[in-house]
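A.B. asks: Take a look at the letters that make up each chain.
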Amino acid sequence: MVSQLTLGERQGALCILLLLAACGLLMLGAGQNDPLGVHGGIVMLFGVLLIFVVISGYFAPEPGTDAAGRYYDDPSKVGIVLAMLWAVAGFFIGDWVAWLLVYPEMTFDAAWSSFGRLRPVHTTSVIFGFGGNALIATSFHVLQRTTRARLPDQLSPWFVLLGYNLFCLLAVSGYLIGITQSKEYAEPEWYADIWLVVVWVVYFLIYMRTLARRKEPHIYVANWYYMAFILVVAILHIVNNLAIPVSFAGAKSYSLFAGVQDAMTQWWYGHNAVAFFLTAGFLGMMYYYLPKRADRPIFSYRLSIISFWGITFMYMWAGSHHLHYTALPQWVQTLGMTFSVMLLVPSWASAGNALMTLNGAWHKVRDDATLRFMMMAAIFYGISTFEGSFMAIRPVNSLSHYTDWTIGHVHAGAMGWVALITFGSFYAVVPWLWKREAMYSARLVEVHFWFALAGTLVYVFAMWNSGITQGLMWRTYSEGGTLTYSFIDSLVAMHPYYFARAVGGLLFLIGALVGGYNIWMTIRTAEGVKPEVLADLPAPAAARQASTGR
Amino acid sequence: MFGLHYKLERKAVGLVLAVIVAASIGGLVEIAPLFTIDETVEEAPDMRLYTPLELAGRNIYIREGCYACHSQMIRTLQDEVERYGPFSLAVESRYDHPMLWGSKRTGPDLARIGDKYSDQWQVAHLIDPRAVVPESKMPAYAWLARTPLETENFGAHLDALRIVGVPYTDEMIASASSDALGQATPDGPRAAGVAQRYGDATQIRLFDGDAATVTEMDALVAYLQILGRLTDAATASTAANVE
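Chains as they are written, first to last, in the working numbering: chain A, 927 to 1476; chain B, 6 to 248.
Isolated chain B (complex conformation) (with noise of 0.2 angstroms):
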C-alpha cells in the first residue's frame, strides 16, 4: 500500500484518477441501486399529485427556510408515531423535487400536519405565532397574507415537473394559473376544474378567509393542509413495523 502511494505521490495525473476512483465508489454502491431496486419505494395507487395552489404554497415553504426548523420525517420509532402520526413512508415523498425532510426540530414534524388545525387556526399562527402559542419562537409571516401570489406561469413550472418525472397531464399544464386561482376561490368559474382534474377529495376552498385576492398565505396554508395527505398507504401500514 505504502509503495502504491510512494508512486502516485510521483504523478499528478495518477493521484487524480486515483482519487476519483476511491471517492466514487461509495456513491456508486449506495445511491445507484435506489433508483433500480423497487422495494425501494412502496406501491401508492392512491397518490395524487400537489395542485398549482399547493405547488406554490411548497415553494414558499422553501423560499422562507421552512425546513430549517422543521422536518417532515417521521422516523420509525415509537415516540415520534404516537406524537406525530404513521412513520413516513418512501412514497409519500416520491413527487418532492427536491424533499423536504429536513434535519432539525426546532419546531414540530410537519409531515402530518395535514387537517390537524383549522385554517383558522394556521392563518392566525402565521399571522402572529405567539398570538395562538404564546412560547413559540417561529417568526411572523404576517406579510404573506398582504402579498398577492404571482400565477402568472404555473404551466411551466408543472412543464419542469413533469420532465422530472412527476405525471402531470398536458390539461393540468395548460389550465395550471386558473386551477392555482380557482382552488382559493370556491365560488368562482374556475374552481369546478380543479376537483375534476386533481380529484374530488382536493380541498377547494377560502384558505385565508379572503375572498377578494388569492395570497401567498391561501397557497401556504393549501400546502399545510395537503401535509401527509397525498396516499393513505402510511396509516395503512401502520405501526405494526416501529422499533
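Looking at chain A on its own, in the form it has when it is part of the complex (with noise of 0.2 angstroms):
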C-alpha cells in the first residue's frame, strides 16, 4: 500500500496523520469526563496506527514512473474488504436485534446491550458502513475506467476510504456508550459531522480532479450518479446536522431546527439519504456493471437521462411523505404525495432500463449467478420504487405508518436493491482488480445468492404480514363502537412474524458470510492470475503501449 505512494504523499499523509493523532489527543483531554474523551482515544489511536503503517513502508523505493500509466486501484480493494467486513458486523447486529424482539430478555441488564442503542449500529454499519464504503471503492473503479484517467494523485483516495471508515467508527461506538443526536440515520454528534463534511469536500475534490483529466469528452452515466450522490448527501448532511454543542469538551449538541421545522428537515434529509446514497449512488454502479457483466450496450440512452434528472429533481420534494396526518401543515403533506407518486416514472425508467439492457443476454442471467444478482437487484428497485410511492398515499399511508410495513418496504430495498446489486458489482469486479480469471468459486456465488434471496423474501413477507396485520388492529372497531383491541394486543399477535423475520435475516448474513470467504479466497489464491490487458489502462498508457506494439 504505502510502496505505491510517493515520497512526497508518505510525508503528506505522515502530516495529516499527527495532526489528526494531537485532535484526537486534544479531545481526550479536553473530555476527560465526557464520552467525547472516549472518541479522543479512538481518534489518536486510528492516528497512531496508521502512522506505524505509513513509517513501516514509508523506506520502500518509490513506485516507477510507469505506475503513472496503470489505474490506482488499491484504495478500491481495501474498500471492497472494508465493505464485506461492515456487511458481516451490520448484518449480525441487524439480526441481533431482530431476536431481541422475540426474545427481549438478552440485554444482560447493561446499558449498551438494549435495542434502542444497538439499532442505529445496525442502521449505521449498513448503510454507512456497507453501502458507503461499497460506494467509495466502485466509484474510484468506474470513475477512472470511464473518463479512461488515472485518480489525480495516491494519498487524497486514501484519506477519504480511511477517513469515511473513521467517521463510521465513530458513529457506531458512539450509540453503544450514549452518544447521539437522534435525528435517525444521522445519529454522529457535531465534531464527527464536521469530519464528515472534510472527508467529502476531497471526495468531491477527487472527482472534479479526475473528470478535468478524463480522455473522453463525455461524462458517462454512471458517473452522473455518483456526482449526484456526492453532492446532494453533502447538501443534506450540512443542512441537517446543524446544531449547537453544549460545549467543546462535550459530545452533546442541540440541534438548530425544534418541532415542525425540525421534522421536515429531518425526513427531507432522511427520505433523501435513501434517494441519493441509496438509490443515486447504486444506480451508478448498475450502469456501468450490469453492462459490462452482461456485455451489452445500455437499452437507451434518453431513459437514463429521463431517470436521472427526474430522481433528482423530485426525490427532493417527497420527504413529508413521512409526516401525513401530523402537525405539518397539509400543503407540505400533498406535495410530498404528489411528488412521490411522480417519482414511479424516473424510478421504472432506470429500473426498466436495466431489465432490457439483459435483453438478449438472458442465457447468461441463467448461468450467471453474478449477473443474476444484478437483475434480481432491479427487480426489487422496480418492486420497492412502486411500493414506496404506494405507501406515499395519504390514506395508504394512515395504515402503514408506524407499522412494520414500513421496516419491510426499507429491507426489500435494501436487502433486495442496495445489497443484491452491491453483491453483483463485487463479484463482477473482484476479479478484474485482482486480476483473476474468475471468482475462486462460481458455486459458492450460487449458493450466497439462494440465501441472500431467500433471506430477503423471508423478511420482506413477515413484515409485510405483520405491519398489515398491526394497521388494521389498531384501527378495528367492535360493534359497540370501540377500539377492539389493545395496544398489546397487536403486539402479541407480532410474535411469530418477528420470529420468521429473524430467520429471515439470519439467512441473509449466512450468504454475506459465503460471499466474504469466497472474495477472501479470490484474493489469497494465486492461481489464475492474469496478464495485464490493454483495455485496462489509461488512455495514454494505453496509446502508448499500442503503438510500441507491446
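Since the hints were derived computationally from the structure, they do not count as laboratory data. Using N, Cα and C, we set each Cβ at its ideal position, and we do this for glycine too. Please note: incorrect hints may appear among the correct ones.
One-sided excerpt, in silico: chain A residues whose CB lies under 8 angstroms from chain B [as the list claims (entries may be wrong)]:
| no. | residue |
| --- | --- |
| 1 | T1033 |
| 2 | A1189 |
| 3 | M1190 |
| 4 | W1400 |
| 5 | L1409 |
| 6 | V1418 |
Cβ pair distances, simulated, as ranges [unchecked claim]:
| no. | chain 1 | residue 1 | chain 2 | residue 2 | range |
| --- | --- | --- | --- | --- | --- |
| 7 | B | L33 | A | L1398 | 31 to 41 angstroms |
| 8 | A | K1218 | B | P139 | 48 to 58 angstroms |
| 9 | B | G193 | A | A956 | 25 to 35 angstroms |
| 10 | A | M1032 | B | V137 | 13 to 23 angstroms |
| 11 | B | A37 | A | D992 | 48 to 58 angstroms |
The calculated lysine to any residue pairs, modelled on SDA-like cross-linking and capped at a C-alpha distance of 20 angstroms, are [as the list claims (entries may be wrong)]:
| no. | chain 1 | residue 1 | chain 2 | residue 2 |
| --- | --- | --- | --- | --- |
| 12 | A | K1003 | A | S1367 |
| 13 | A | K1290 | A | F1225 |
| 14 | B | K12 | A | R1140 |
| 15 | A | K1290 | A | A1364 |
| 16 | B | K109 | A | V1322 |
| 17 | A | K1456 | A | G995 |
| 18 | B | K109 | A | P1321 |
| 19 | A | K1456 | A | W1360 |
| 20 | B | K16 | A | R1139 |
| 21 | A | K1361 | A | D1462 |
| 22 | A | K1003 | A | V928 |
| 23 | A | K1141 | A | G995 |
| 24 | B | K109 | A | V1418 |
| 25 | B | K109 | A | P1030 |
| 26 | B | K109 | A | M1399 |
| 27 | B | K109 | A | N1391 |
| 28 | A | K1141 | A | D992 |
| 29 | B | K109 | A | F1316 |
| 30 | B | K12 | A | E1142 |
| 31 | B | K109 | A | L1398 |
| 32 | A | K1361 | A | Q930 |
| 33 | A | K1218 | A | Y997 |
| 34 | B | K16 | A | W1235 |
| 35 | B | K109 | A | Y1251 |
| 36 | A | K1361 | A | Y998 |
| 37 | A | K1218 | A | H1289 |
| 38 | B | K16 | A | L1131 |
| 39 | B | K16 | A | F1130 |
| 40 | A | K1003 | A | A1015 |
Reassemble the complex: the two chains are provided individually, in unrelated frames, and hints are given to aid placement.
C.D. replies: Structural data, given as C-alpha cells:
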C-alpha cells in the first residue's frame, strides 16, 4: 500500500496523521469527564496505528514512472474488503436486534445492549459502513475506467476511504456509549459530522480533478449518479446536522431546528439519504457493472437521462410523506405525496432500462449468478419504488405508517436492491481488480445468491404480514363503537412474524459470510492470475503501448 | 431537454451546478416557508419550558434510543385520538431540539403519556417491563435507578438551548443544576426555587421513590410525566378536526 505512494505523499500522510492524532489527544484531554474523551482516544489510536503503517513502508523504493500508466486501484481493493467486514458486522447486529424483539431478555442488564442503542449500530453499519464503502470503492474504479484517466494522486483516495471509515467507527462506537443526536440516519454528533464534511469535500475534489483529466469527451451515466450522490448527500448532511454544541469539551449538541421545522428537515434528509445514498450511488454502480457483465450496451440513453433528472429533481420533494396526518401543514404533505407518486416514472425508467439491457443476455442470467444478483436487484428496485410511491399516498399511509410495513419496505430496498446490486458488482469487479480469471468458486456465488434471495423474501413477507396486521388491528372498531384491540394485543400478534423476520435476517447473514469467504479466497489464491490487458489501462499508456506494439 | 443534457454531460462544472440547482428547489419550497408562515405553529400562551430535570430525562430518552420504538405524534385519525388522546399540535414540540416525533410504534405512542400512570408504575415498568406487562418487548432499564444523575453543567445545556431559541432566563440558567436536584427532592432547600421559576404546576416529588440520590430514573420519569402536559392547547382544540 505505502510503496505505491511517492515520497512527498508519504510525508503528507504522516503530517495528516500526526495532526489527526493531535486532535484525538486534544479531544481526550478536553473531554475527560465526557464520552467525548472516549472518542478522542479512538481518533488518537486510529492516527497512531496508521502512522506505524506509513513508517513501516516509508523507506520502500518509490514507485517507478510507469505506475502513472496504470489505474490506481489499491483504495478500491481495501474499500471492498472493508465493505464486506461492515456488511457482516451490520447484518449480525441487525439479526441480533431482530432476535431481541423475539426474546427481549437478552440485554445483560447493561446499557449498551438494549434495542435502542443497538438499532442505530445496525443501520449505520449497513447503510454507511457497508453501503458507503461499497460506493467509494466502486466509484473510484468506475470513475477511472469511464474517464480513461488515473486518479489525480495516491494520497487523497486513502484520505477519503480511511477518513470515512473513521467517521463510521465514531458513529457506531458512539451509540454504544450513549452519543447520539437521535436524528434517524444522522445520529453522529457535531464533531463527527464536521469530520465527514472534510472527508466529503476531498471526495468531491477527487471526482472533479479526475473528470478534468478525462480522455473521453462525455461523462458516462454512472458518473452522473455518483456525482449526484456526492453533491446532494453533502447538502443534506450539512443542513440537517446544524446544531449548537453544549461545549467544545463535550459530545452533546442541540439541533438548530425544533418541532415541525425539525421534523420536515429531518425527513427531507432521511428520505433523500435513501434517494441519493441508497439509490443514486447504487444506480451508478448498476449502470456500469450490469452492462459490463452482460456484455450488452445500455438499452436506452434517453431513458437514463429522464431517469437521472427525474430522480435528482423530484426526490427532494418527497420527504414530507413521512409526516402524513401529523402537525406538518397539509400543503407540504400534499406536495410530498404528489411528487412521491410521480417518482415512479424515473424510478421505473431506470429499473426498466436495466432489465431491457439484459434482453439478448437472458441465457447469461440463467447461468451466471453474478449477473442474476444484478438482475434481481433491478427487480427489487422496481418493486420497492412502486411500493414506496404507493405507501406515500395519504390513505395508504394512514394504515402503513408507524407499522412494520415500513420496515419491510426499507428492507426490500436495502436487502433486495442495495445489497444485491453491491454483491453482484463485487463478484464482477473482484476478479478484475485482483487480475484473476474468475471468482474462487462460482458455486459459492450461486449459494450466496439463493441465501440472499431467500432471506430477503422471508424477511419482507414477514414484515408485510405483521405491518398490515398491526395497522388493521389498531383501527378495528367493535360493534359498540369502541376500539377492539389494546396496543398489547397487536404486539402479541406480531410474535410469529418477528420470529420469521429474525430467521430471514439470519439467512441473509449466512449468505454474506459465504460471499466474504469467497472474496477472501479469490484474493488469497494465486492461481489464475491474468496478465495486464490493454483495455484496462488509462488512455495515454494504452496508446503508448499500442504504438510500441507491446 | 436531451440537447441540453448532451451539452451538460461534456462539462463537469455545468453538470455539478445543474445537479445542485435541480436538487435544491424541493427543499427550498417545502422547508423555508415553514419558518415564515405564521399559521405553521399555533399560539399557546400557557406553553411552559422543560425544567432542567425534565430536560435531563429527555436527553436520556434520546441517548437510549427510545424514539426507535415510541412515537410522540398523534395523527389526526379517529382511532389514534381515541387510543392516545387529542391529536398533536405543532406548538407542543416547538421547544423540542430535536423533535422526537418518531417513525415506528413497536411500543405505543407516548405524546400524552404524562400523568397517565403513577410514578411507581413507571419506575416498576422501566426496571422490569415484563413484571408489569407480561407480553412486553421492551428492554429492562433497571440500571437507570442505580446511576446517579450527572448535574454538573446543566447551565451550559440551557444556555445552548437559549441560543437555538428556547427562552430560558438568566436566572434559570444560573440555577439549572440546583433546580435539577431540587425537583426530585421535594423536602430539600432547593425545591422552592423550581416552582418559582417554572410555575406552580411543576411536578416536584421523589419520582423514583428514593430520597437518598437523584438518579437517571428520576429524570426519565419526570420527563415521561410531563409529556403532553406542557400546554393545554391540544385539549382545547380537541377532536373537532378529526378526519
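A.B. asks: Each hint should be assessed against the structure and marked as holding or not.
C.D. replies: Status of the hints after comparison with the structure:
1. T1033: With Cβ-Cβ at 5 angstroms, under 8 angstroms, it holds.
2. A1189: holds (5 angstroms)
3. M1190: This hint holds: M1190 of chain A lies near chain B, its Cβ roughly 5 angstroms from the closest one there, short of 8 angstroms.
4. W1400: Holds - the Cβ of W1400 of chain A comes within 8 angstroms of chain B, reaching about 6 angstroms at its closest.
5. L1409: holds (6 angstroms)
6. V1418: holds (5 angstroms)
7. B:L33 <-> A:L1398: 31 to 41 angstroms: For L1398 of chain A against L33 of chain B, whose Cβ atoms are near 39 angstroms apart, the range 31 to 41 angstroms holds.
8. A:K1218 <-> B:P139: 48 to 58 angstroms: Once the Cβ atoms are compared, 56 angstroms apart, the range 48 to 58 angstroms for P139 of chain B and K1218 of chain A holds.
9. B:G193 <-> A:A956: 25 to 35 angstroms: holds (33 angstroms)
10. A:M1032 <-> B:V137: 13 to 23 angstroms: Holds, at about 19 angstroms.
11. B:A37 <-> A:D992: 48 to 58 angstroms: At roughly 54 angstroms between Cβ atoms, D992 of chain A and A37 of chain B fall inside 48 to 58 angstroms, so the hint holds.
12. A:K1003 <-> A:S1367: holds (19 angstroms)
13. A:K1290 <-> A:F1225: holds (16 angstroms)
14. B:K12 <-> A:R1140: Holds. K12 of chain B to R1140 of chain A sits at ~16 angstroms (cutoff 20 angstroms).
15. A:K1290 <-> A:A1364: OK: K1290 of chain A and A1364 of chain A at ~15 angstroms, within 20 angstroms.
16. B:K109 <-> A:V1322: Measuring from Cα to Cα gives roughly 16 angstroms; hence the hint holds.
17. A:K1456 <-> A:G995: Within the cut-off at roughly 18 angstroms; holds.
18. B:K109 <-> A:P1321: holds (17 angstroms)
19. A:K1456 <-> A:W1360: holds (9 angstroms)
20. B:K16 <-> A:R1139: holds (12 angstroms)
21. A:K1361 <-> A:D1462: Cα-Cα ~10 angstroms, so holds.
22. A:K1003 <-> A:V928: holds (14 angstroms)
23. A:K1141 <-> A:G995: holds (13 angstroms)
24. B:K109 <-> A:V1418: With a Cα-Cα distance of about 17 angstroms, the restraint between K109 of chain B and V1418 of chain A holds, given a limit of 20 angstroms.
25. B:K109 <-> A:P1030: The given pair, whose Cα atoms are some 18 angstroms apart, holds under the 20 angstroms limit.
26. B:K109 <-> A:M1399: Holds, at about 15 angstroms.
27. B:K109 <-> A:N1391: holds (16 angstroms)
28. A:K1141 <-> A:D992: holds (18 angstroms)
29. B:K109 <-> A:F1316: Measuring from Cα to Cα gives roughly 18 angstroms; hence the hint holds.
30. B:K12 <-> A:E1142: holds (14 angstroms)
31. B:K109 <-> A:L1398: At roughly 15 angstroms apart (the allowed maximum being 20 angstroms), L1398 of chain A and K109 of chain B satisfy the hint.
32. A:K1361 <-> A:Q930: holds (18 angstroms)
33. A:K1218 <-> A:Y997: holds (18 angstroms)
34. B:K16 <-> A:W1235: holds (16 angstroms)
35. B:K109 <-> A:Y1251: holds (15 angstroms)
36. A:K1361 <-> A:Y998: holds (13 angstroms)
37. A:K1218 <-> A:H1289: holds (15 angstroms)
38. B:K16 <-> A:L1131: holds (15 angstroms)
39. B:K16 <-> A:F1130: Judged against 20 angstroms, a Cα distance of about 15 angstroms means the pair holds.
40. A:K1003 <-> A:A1015: Measuring from Cα to Cα gives roughly 19 angstroms; hence the hint holds.
When each numbered hint is compared with the structure, no violation occurs for any of them.
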